[in-house]
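The lines below spell out each chain.
There are 2 protein chains.
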Amino acid sequence: MREVAQLAGVAMSSVSRVLSGHPDVSVGMQSRVLAAVAELGYQPDLLAQSLRRQETMTIGFAVGDISNQLFAEIVASAETTLRTAGYSMLLTNSEASAELDAAHIRLLAQRRVDGIILSVGDEQNPDTLAALERLDVPVVILDRDVPMPGAVNVFSDHRRGMRQAVAHLLDLGHRDIAMINGQTLRPARERRAALEACYEERGLPPTYRFVDGTFSVEFGARAAGDLLSQEHPPTAIIAGGNQLMLGSLKVLRARGLRLGRDISFVGCDDIPVSELYDPPIAVVRRDTAAMGHSAAELMLALLAGEPVEDVTLPSEFVARASCGPVAKT
Amino acid sequence: MREVAQLAGVAMSSVSRVLSGHPDVSVGMQSRVLAAVAELGYQPDLLAQSLRRQETMTIGFAVGDISNQLFAEIVASAETTLRTAGYSMLLTNSEASAELDAAHIRLLAQRRVDGIILSVGDEQNPDTLAALERLDVPVVILDRDVPMPGAVNVFSDHRRGMRQAVAHLLDLGHRDIAMINGQTLRPARERRAALEACYEERGLPPTYRFVDGTFSVEFGARAAGDLLSQEHPPTAIIAGGNQLMLGSLKVLRARGLRLGRDISFVGCDDIPVSELYDPPIAVVRRDTAAMGHSAAELMLALLAGEPVEDVTLPSEFVARASCGPVAKT
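Same order as they appear, the protein sequences are chains A and B.
Take the first sequence: its position 246, counting from 1, is numbered 246 in my numbering, and each next residue is one higher.
Take the second sequence: its position 269, counting from 1, is numbered 1269 in my numbering, and each next residue is one higher.
If you are wondering where the hints come from, they were derived from the structure by calculation, not from laboratory data.
Idealized CB from N, CA, C, for every residue including glycine.
Keep in mind that a hint or two might mislead.
Unchecked claim - If you want the footprint, here are the derived chain A segments under chain B, 3+ residues with CB under 8 Å: (1) 87-101; (2) 155-168; (3) 220-229; (4) 244-258.
Turn these sequences into a full structure, and let the hints steer you where they fit.
Structure follows, in structure tokens:
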């Protein structure tokens, strides 16, 4: 460490600050120290440091399904922000199984992470809540209504974009709108409430319908198939999630339905397929990079003992040709 | 720990084996111990255990771009396999920047991970090679030709699927085939070699062309745009990667070209858009879950001191309507 300080021409305390990821370090100082570290091949033993300081400089991220594009983008963005601040990320993937949430929270606690960012698959699971209660590190929760005092939240304002989407469909004459949703989680409740509010505000009778299941490609396909097989299929379908959108599109396509002409369709999350589908798919979009970055920033503020508040990030409707006037029957 | 052993009705040594992720534990034993652990809320201090054992039960995964669907699926699969064996995963994301590879390898070493799985963005970068040389833990490399003695590799057999793809295009009468590739990495070299070999074996003059850049959506769009603007555009385009495919499709679509009629197109990796595009996109597919699982299995074998060999997983061509006979001009 002394050699590093000499080579970089800085004090040993400065080397220590850079290597511990202290926030109060100038960019010039950081690059000089890291260059000297690289040249000397100096490898501080972070594990021994951790024990001395009672910090591991590690944040746990318990994610629902990393192979879901939405989560992958959130994790990528959070990892960048955390790493820049000197933290590493321990990732657990619950494979979209709520049963694994509690096990992963306990695992991360055993790993003595300094904080946990999480997105659970069931907001009321007693096992999950018990595991959360036992934590003594800061927790940032992603877009869930988990009754955990002290946790800080990054919410998406799903209502905003969904209200724009439903208003667009109502303006096009649709009254028989079906919404496919996953399990009862905050995003599903918010999207549902937005749809109901739009009808109510216009004094329209509640001629919408909901199909609730799980946030999966398989359920999206099954739900869309069921809706289309009914005696009076809806004139518009809203898929409340990108996996539900993918499943629904498979079925709509297999039935040879032209979106925007035979039936209207709105998806959630602006994944590559929405722009490249023919016709392009109207979606309620959110900024996944901002979600990951905000979650990481909140965690860093909590670790620094700064006062923090919940963050709510906007969503917005992107109108595309998958929505059109009600088809003549 | 004594309480856990009593409640589970097993010896304390068995509890220790289960909690340390020892491979020689029956499923029944594991579930009894974990149930007792959950009921008692017992949290072994893994950090103190690590120092005693000189193991951290942590594997580092240095990935190129976690927001790329391909890597996200590989990571998800590896995490499941590692976690089942008692290991946690430290994830670093180099944001597709080769400059960050060496920094991440050093970071993971400082974190005293028990092993590293990695996919680098530049196989010859001296800084990366120096960082790898200094490692004293097992290394599993994903689909790269990195000159590192002792590392074990999980390769994709890109040639197999690409030869099938090129043969299909040649059978359809295409002779002017353009291949868009990312930077010089093993997958790009293998795909290129497959194309060249197909022409040579049929005794055809080398009337193909290559466009090399980076594995990004932006480069895919630029390369496709350049190809289409040439005086004699190719009659078929192969995009060597899923990001390159997405970029190319944006341009092909914007130009109003009907795939399989106006121009033929082959992508790589069977991401959702390939099946849902109109017409569906022919791709060279690989099993991402098998790649992640194999990498994790190799790492576990290395940690157990078992003899291991490189693994090569197949790729296969999936013919779809994006390929058709050469368009009449």
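Here's how the hints hold up against the structure:
Note: the region 87-101 of chain A has 7 residues with beta-carbon separation from chain B under 8 Å; the three-residue rule is met and the coverage holds. For the region 155-168 of chain A, the assignment as covered by chain B is violated, since 0 residues bring a beta-carbon within under 8 Å of that chain's beta-carbons and 3 are needed. Three residues within the 8 Å Cβ limit are the bar, and the region 220-229 of chain A against chain B gives 0, so the coverage statement is violated. With a threshold of 8 Å between beta carbons, the proposed coverage of the region 244-258 of chain A by chain B holds, since 4 of its residues qualify and at least three are required.
Hint compliance for this structure: hints 2 and 3 are not met, and every other hint is.
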